[in-house]
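Protein chains: 2
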Amino acid sequence: MNKYVNSMRSLGIQAIMKAGQGHTGMAMSACPITYTLFTKFINISKKNPKWLNRDRFVLSAGHGSMSLYSVLHFSGFISLKEIKNHKQKGSKTPGHPEYSSKNYIDCSTGPLGQGIGMGVGMAIAQSYLENKFKKIKSLVSHYTYVLVGDGDLQEGVCYETMSLAGKLNLNKLIVLHDSNDCQLDAKVNDAFNENLELRMKSINWDYIKTSNDPIDIENAIKLAKKNKKPTFIEVKTIIGEGTSEQGSNKAHGLKVDKNEISLFEKYYDIKVRNFKFDKSIYNHFISRVQNRGTKKYNKWIKDLEIAKSKYPKLVKELLNNFKNKFINIDKIINLDIINKNQATRDYVGQYFQQLYKSKINDTLFGSADLASATKTTFNIKNNFNSNKKYPEILYGIREFGMSSIQNGILLHGGLRSISSTFLSFADYMKSAIRIGAMMELPSSYIFTHDSYQVGGDGPTHQPYDQLPMLRSIQNVYVYRPCNEIETKYVFSNLFSSKNETSIGVFTRQPLNSNHPTDYNKCFMHGYELYKQSNPDIILCGSGSEIDLLFSVKKELENNNIKSRIVSIPCLQKFFNNDNKYISNLLKSKYGVFSIETSSDYLWYKIKDYIDNKHVHFGAYSFGESMDGKKLYEEKGFNKENIINIIKNQILK
Amino acid sequence: MNKYVNSMRSLGIQAIMKAGQGHTGMAMSACPITYTLFTKFINISKKNPKWLNRDRFVLSAGHGSMSLYSVLHFSGFISLKEIKNHKQKGSKTPGHPEYSSKNYIDCSTGPLGQGIGMGVGMAIAQSYLENKFKKIKSLVSHYTYVLVGDGDLQEGVCYETMSLAGKLNLNKLIVLHDSNDCQLDAKVNDAFNENLELRMKSINWDYIKTSNDPIDIENAIKLAKKNKKPTFIEVKTIIGEGTSEQGSNKAHGLKVDKNEISLFEKYYDIKVRNFKFDKSIYNHFISRVQNRGTKKYNKWIKDLEIAKSKYPKLVKELLNNFKNKFINIDKIINLDIINKNQATRDYVGQYFQQLYKSKINDTLFGSADLASATKTTFNIKNNFNSNKKYPEILYGIREFGMSSIQNGILLHGGLRSISSTFLSFADYMKSAIRIGAMMELPSSYIFTHDSYQVGGDGPTHQPYDQLPMLRSIQNVYVYRPCNEIETKYVFSNLFSSKNETSIGVFTRQPLNSNHPTDYNKCFMHGYELYKQSNPDIILCGSGSEIDLLFSVKKELENNNIKSRIVSIPCLQKFFNNDNKYISNLLKSKYGVFSIETSSDYLWYKIKDYIDNKHVHFGAYSFGESMDGKKLYEEKGFNKENIINIIKNQILK
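Here the protein sequences come in this chain order: A and B. Once you know that position 99 of the first sequence is 99 in the numbering used here, the rest is easy, because the numbers rise by one and skip nothing. Once you know that position 461 of the second sequence is 461 in the numbering used here, the rest is easy, because the numbers rise by one and skip nothing.
Only chain A is shown next, with the shape it has when bound in the complex:
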């Protein structure tokens, strides 16, 4: 057995013992794979952790984190202090790998299946950029490697994204499978008896099976690099190899004690010496990982200099894009040529056509087969799937896969990414949206068909519970515009996000354009739309409810009640304004009425800002298949009902 691999295992088992808990099974089984990848193939450099042409590595089975930390430690990228601090506060070796803009982790993982999705996203980004920067393509020519466990392969998102990767012939994507036959509760075969070779062939992947001998793994990867398709390499390993539970599902999270350590020493014929290893071990890794990587990096820097002299503009653009500097779309989008009184999704369509005409090519966008309905298309016939020069991806009916791939595109860098579907189907994507927000990616979504007014397609297609789901996540901001001007403000946010997830929510049904929206005021995220000094009452809402509030306002006027309408296109950011701004805006004689077709109690936060009454009217129930406008009214979103609530609960 390879003493270098065993040193990695030794480091892993000690770190897990010190932490008091950990995933021992994979820390033993996966080391031959990470060892081979990093010592032979993966190019990373100490000079720049986020070198744009580094090979990407995703540990999709995130619980195997020690198999990654150990190779990074011996190669000089993570200190021993950090290893000893595994899973502790502020450590750089958390339980599951966590991406940051400064470390050597390319991807946060943990929820299974999504790592492979993010890997597919990275490979998509690489292939698009290689095409976009054709003349200097060697500068973005890296591979993407993903290590998956048996659990990943059972998750739907894994099938979705691997299927798309097969369709796209992503030949620079290589997936290695730590195939150890065990999962947490049982043997893999107790719950999963797929023929992986057939599965891979059915989705247009190449399949290679190999032992866990580093030489076999190396040969398999070499073979994979010659393939014209993505390759799946099944590496037969032994879970918890060398522990008391070797080969058993109980090895998965096995607690490490002194007895385990002595079994380990016997099995590997190795001495465990309190995190001490021979210098020769370090030398082996440093020359093969760090020094090899640095050579590659230095070569790349030379190539960059040569390219700079030949194609200065192209190189500048490439480097800028990787610094998240993109075309400012605010100047491209022209409000004046918009057809008014449309559904907000139609403004999406019109703005997309303006972007298309401007030949913007620094943003990948796509839809889970609803681009024609969400209006997020340039020209659907010219798509990325048929030619990698086009930025429009046909994701297929794979919502979760799409959002996971979007995370991968953004992790890769050099591109923006926006994807779309119906708001209802955000449900499929929740976990990917969450992890994207956690990684502080500038992820943007366009969700249309935003409430009961979807109508005839029935309650499965009528969202009311999605806004609270999305707004509950730290760093996810939901924008819900009421007209073309607020839509422009939403686009400005969707395209300029730096480290936030931005979600634009749009209607299917037409809304009025005649509200006196001031574009600049939108950026307060909540503002006085209809002015009124010393109002009797404040009316707050977002999106389609602004039209409704306007009719309420007129009715109140007929009763000599003066109201102010406050449009709040981004409720969360509205509350980030200073207290005085909010309090002044909400100050009135009687109180505040707020309304939204969502079951979001975040609106109750308004109560924090006012002395007098606040009543919120929301949506807390499924709709039905019927005319959308009527359904909206029946759910209480009609002038008469609101006037009654206001009279009985505020103006009393």
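These aren't lab readings, by the way, just hints derived from the structure by calculation. Note that the coordinates shown come from a computational prediction; the quantities given were computed from them, not determined experimentally. Among the hints, a few may not be true.
To be verified - The calculated lysine-lysine pairs, modelled on DSSO-like cross-linking and capped at a C-alpha distance of 27 Å, are:
1. B/K258 to A/K613
2. A/K629 to B/K81
3. A/K589 to B/K613
4. B/K607 to A/K605
5. B/K652 to A/K605
6. B/K167 to A/K250
7. B/K607 to A/K573
8. B/K587 to A/K613
9. B/K84 to B/K258
10. A/K647 to B/K605
11. A/K167 to B/K209
12. B/K250 to A/K629
13. B/K18 to A/K630
14. B/K255 to A/K381
Unchecked claim - Derived DEER-like restraints, expressed as beta-carbon distance ranges:
15. A/K89 to B/S101: 51 to 57 Å
16. B/G20 to A/S358: 32 to 38 Å
17. B/K266 to A/S358: 57 to 63 Å
18. B/N558 to A/K498: 52 to 58 Å
What the hints assert, rightly or not - Calculated from the model, a selection of chain A residues having no Cβ within reach of chain B, i.e. all distances over 10 Å:
19. S163
20. Q183
21. K236
22. K279
23. N283
24. K316
25. D336
26. D369
27. R434
28. S492
29. N514
30. N520
31. N579
32. K607
33. S625
Glycine residues also receive a C-beta, built at the ideal position from the N, C-alpha and C atoms.
Since the structure of chain A is already known, use the hints to place chain B on it.
Here is chain B on its own, set in the frame of chain A:
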């Protein structure tokens, strides 16, 4: 071409024209499939829409609803009035099929992929019951048929559940594929180039390909019924056949006008006569569907009578189970023999062992490979996957699939179902939980590892945003107990739900058992845990925060401030109590402090009930990989911070 099939198409195109919108593509393409299924195979009876041994049919591609409504109409199960009312208010022909306990729809569908999951659940239920009631097994011997579109096959949940069905050899499950080569935005092949035959073989399914000729389809289904595995039948069809957009993705939601009708008439050589059809058409369907079904039903009734005389107890149990009458677990669960001061998940484990000893066999339960961690296991070695007599399903790492299958089990009837995973991974299941709640299924979940105290596994595994996601859905109730007594109350709810989704949320870390909980009071869903007359302040919370509030209470006492602790294990149901009960409980000198490790603003609803101040302290951010107890404290969930908030914001 078959004139009966064409009459179905004619009805469909007219209904869609009348509705003003609809899914024309599949209303044309899928009719040969639904025609063959219902006229030749599916046994349903007018005498009892929910006849327990009827064949189950799931239209996974729910937008093809007219291909189902049309056959149900001609066979006498849906009136012409309802057909004319397609997609209108209160109609029995909504845009997507909707299950009710009284109609002939076995399953609500719409969000793609989940129909197949529910079909797998039905087939699982059938096979378990066939085993449980072995002596009278012919009484539950039906088949489950699922019709899928190309979109279904691209959804992750479809792969997950078909993979499990293959592992389980569910030979009474037959899936038919309306393979029309088109999806909404493009040709299927533009986004999806899988080899379906290989895919099916890789997951242990049989595969048959056939034309859309009803005779070919019939022969394929006959063949499928002889198979020992589940069978996938790919039926090559033409989307929107006979319309102007025949064979094009534009046919998907094609608007029907007079021109389309005349093209239709020409193509099918059929006269469209304002919803009028020859009596012979009706006769054909009535004899082949309704009369054939009724014969089968009458035969079943006879068999039932014979069985009753031989096995009266068994038959009574079978019939009771299908009336949702199950063993009352309240009498089985014994609080007195519980080990105290444990994590609430450990009470789950202890109660499960009590149920195991009682040999309860009317409930299927399982986990997405985390039963050992959620403690929801009887005896993992004796599982359903290895022998269909055991009620414990090893779902594999397929969370979405699991919840979708659970919906199918409950739709089938005759069983309860409970499934489990970590609370964080509820994210994967949101859409299935939503549709289960919409169908008013008695769906129950056990989610453990419920907050920051998960600790070392890091922010991907630390939930804080899941409770608002779940509580935002109509008909979903979240229970979060603080000790073994409240856990018993939660179990009582999980096992006795009639038409609600019940979710129990449990801790990984130990909690104190020494609170004076009164079991009966728990059923108010919020109650005075620590009594205090004329309190200065009210302290509200749930689950792990009760221990914390207790320490706060003691500290306040040291400062001569009298507090009452109100434990609220089910926040949503708490608000369903009458106003007086809530107001009295929350009445105090200064105000109310509430706390929960979630970003749920539903707590702000407390403000509605009190004149004086309410402050809520929640969780609105991701955690990190570190000691869970410390993390909990750092997020502000510690006595000192709370005392400060109370002093500065309420007691001022």
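Okay, the hints, checked on the actual structure:
A threshold of 27 Å between alpha carbons decides the hint, and for B/K258 with A/K613 the separation of about 55 Å lies outside it, so the pair is violated. Pair hint A/K629 plus B/K81 holds up; C-alpha atoms about 22 Å apart against a cutoff of 27 Å. Simply put, A/K589 and B/K613 have alpha-carbon atoms about 20 Å apart, close enough for the 27 Å limit, and the pair holds. With a C-alpha separation of about 10 Å, the suggested pairing of B/K607 with A/K605 holds against the 27 Å cut-off.
Of the pairs offered as hints, the one joining B/K652 and A/K605 holds, with about 20 Å between alpha carbons and a cut-off of 27 Å not exceeded. For the given pair, B/K167 sits about 22 Å from A/K250 by alpha-carbon distance, which is consistent with the 27 Å threshold. Straight-line distance between C-alpha atoms of B/K607 and A/K573 comes to about 22 Å, which keeps the hinted pair within the 27 Å bound. Straight-line distance between C-alpha atoms of B/K587 and A/K613 comes to about 19 Å, which keeps the hinted pair within the 27 Å bound.
Between B/K84 and B/K258, the direct Cα distance comes to roughly 17 Å. Compliance with the 27 Å bound is thereby established for this hinted pair. For the given pair, A/K647 sits about 20 Å from B/K605 by alpha-carbon distance, which is consistent with the 27 Å threshold. A distance of roughly 22 Å separates the Cα atoms of A/K167 and B/K209; the hinted pair therefore holds under the 27 Å criterion. Of the supplied pair hints, the one linking B/K250 and A/K629 holds, its CA atoms being roughly 26 Å apart against a limit of 27 Å.
For the hint linking B/K18 to A/K630, the alpha-carbon distance of about 17 Å falls within 27 Å, and the restraint holds. Only pairs whose Cα atoms come within 27 Å are accepted, and B/K255 paired with A/K381 is accepted, the gap being roughly 22 Å. About 53 Å separates the C-beta atoms of A/K89 and B/S101, a value consistent with the hinted range of 51 to 57 Å. Distance hint check: the CB atoms of B/G20 and A/S358 are about 36 Å apart, consistent with the given range 32 to 38 Å.
The hint said 57 to 63 Å for the Cβ distance between B/K266 and A/S358, and at roughly 45 Å that hint is violated. Taking the beta carbon of each, B/N558 and A/K498 are about 47 Å apart, not inside 52 to 58 Å as hinted. The beta carbon of A/S163 is not kept farther than 10 Å from every beta carbon of chain B, the shortest such distance being approximately 6 Å. With a cut of 10 Å on Cβ distances, A/Q183 falls inside the contact zone with chain B, its closest approach being about 5 Å.
Distance check for A/K236 against chain B: the nearest CB is about 18 Å away, which clears 10 Å, and the non-interface claim stands. Listed as outside the interface, A/K279 is consistent with that label: its C-beta sits roughly 30 Å from the nearest C-beta of chain B, beyond the 10 Å cut-off. With a closest Cβ-Cβ approach of about 31 Å to chain B, A/N283 is found to remain outside the 10 Å limit, as its non-interface label requires. Every beta carbon of chain B lies more than 10 Å from that of A/K316, the smallest distance being close to 35 Å; the non-interface claim holds.
At roughly 30 Å from the closest C-beta of chain B, the C-beta of A/D336 stays outside 10 Å, upholding its exclusion from the interface. With a least CB separation of 5 Å from chain B, A/D369 falls inside the 10 Å interface cut-off, contrary to its annotation. Separation of A/R434 from chain B is inadequate, the least Cβ-Cβ distance of about 6 Å not exceeding the 10 Å criterion. Every CB of chain B lies more than 10 Å from the CB of A/S492, the least distance being 25 Å, so the non-interface label holds.
Separation of A/N514 from chain B is adequate, the least Cβ-Cβ distance of about 27 Å exceeding the 10 Å criterion. The Cβ of A/N520 lies farther than 10 Å from every Cβ of chain B, with a closest approach of about 29 Å, so its non-interface assignment holds. The claim that A/N579 is not at the interface with chain B holds, since no C-beta of that chain comes within 10 Å of its own (minimum 14 Å). Not every beta carbon of chain B lies more than 10 Å from that of A/K607, the smallest distance being close to 5 Å; the non-interface claim is violated.
Residue placement check: A/S625 does not keep its beta carbon more than 10 Å from all beta carbons of chain B (closest about 3 Å).
This entry does not satisfy hints 1, 17, 18, 19, 20, 26, 27, 32 and 33, going by the numbered hints stated previously.
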